[in-house]
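A.B. asks: All chains, full assembly: derive it from the sequences and hints.
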Amino acid sequence: MTRCAFQVEKHSSDSSWTSVVAQGRYEEFPDTEQWKQERLHAWSLLQRFSDWWEIGALKPHEMPVQNASPHVFFGIVLKDISGRMVVPD
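Residue numbering for the sequence shown follows our numbering, starting at 13 and increasing by one per position.
Hints in this document: simulated from the structure, not taken from any laboratory.
All values derive from a computational prediction rather than experimental measurement.
Glycine is no exception: its CB is placed at the ideal position from the N, C-alpha and C atoms.
Mixed in with the good hints there might be a few duds.
Estimated spans, in silico, between C-beta atoms of each pair [what the hints assert, rightly or not]:
#1 53 - 99: 33 to 39 Å
#2 29 - 61: 20 to 26 Å
#3 43 - 23: 36 to 42 Å
#4 58 - 23: 23 to 29 Å
#5 15 - 57: 18 to 24 Å
#6 30 - 52: 29 to 35 Å
#7 39 - 60: 18 to 24 Å
#8 18 - 82: 20 to 26 Å
#9 53 - 15: 19 to 25 Å
#10 84 - 23: 25 to 31 Å
#11 19 - 99: 18 to 24 Å
C.D. replies: In structure tokens:
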């Protein structure tokens, strides 16, 4: 079991913000028949965003692929969620 935590923030133009911290257990979905449905579901969620795979920098010219890495699909089984929200008066 691998414990994990992550934080998500949302800021609005009117100075309001929301911050959520979630804690749970990291669970990898290996490329096996047992995890096939979970991997397909994860892939379907990623396909909703056309640029999910893009890195945060622009390369000036095409770079040849040396070795392709396999996709790593994972889920987080949530245990605790907490958060804060600020809304201006």
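A.B. asks: All hints are to be evaluated individually against the structure, with a verdict given for each.
C.D. replies: Going down the list of hints, with the structure as the test:
1. Look at residue 53 against residue 99: about 35 Å separates their beta carbons, and that is inside 33 to 39 Å.
2. Look at residue 29 against residue 61: about 23 Å separates their beta carbons, and that is inside 20 to 26 Å.
3. Between residue 43 and residue 23 the beta carbons are some 37 Å apart, a value that agrees with the proposed interval 36 to 42 Å.
4. Separation of residue 58 from residue 23 is about 25 Å and conforms to the stated range, judged on CB atoms against 23 to 29 Å.
5. For the hinted restraint 18 to 24 Å between residue 15 and residue 57, the CB-CB distance of approximately 23 Å keeps it satisfied.
6. The hinted window of 29 to 35 Å between residue 30 and residue 52 holds, with their beta carbons roughly 31 Å apart.
7. In this structure the supplied range 18 to 24 Å holds for residue 39 paired with residue 60, their Cβ-Cβ distance being about 21 Å.
8. Here the CB-CB span from residue 18 to residue 82 is close to 23 Å, well matched to the stated 20 to 26 Å.
9. At roughly 23 Å, the beta carbons of residue 53 and residue 15 sit within the given window of 19 to 25 Å.
10. Evaluation of the 25 to 31 Å hint for residue 84 and residue 23 yields a pass: the beta carbon distance comes to about 29 Å.
11. The hint said 18 to 24 Å for the Cβ distance between residue 19 and residue 99, and at roughly 19 Å that hint holds.
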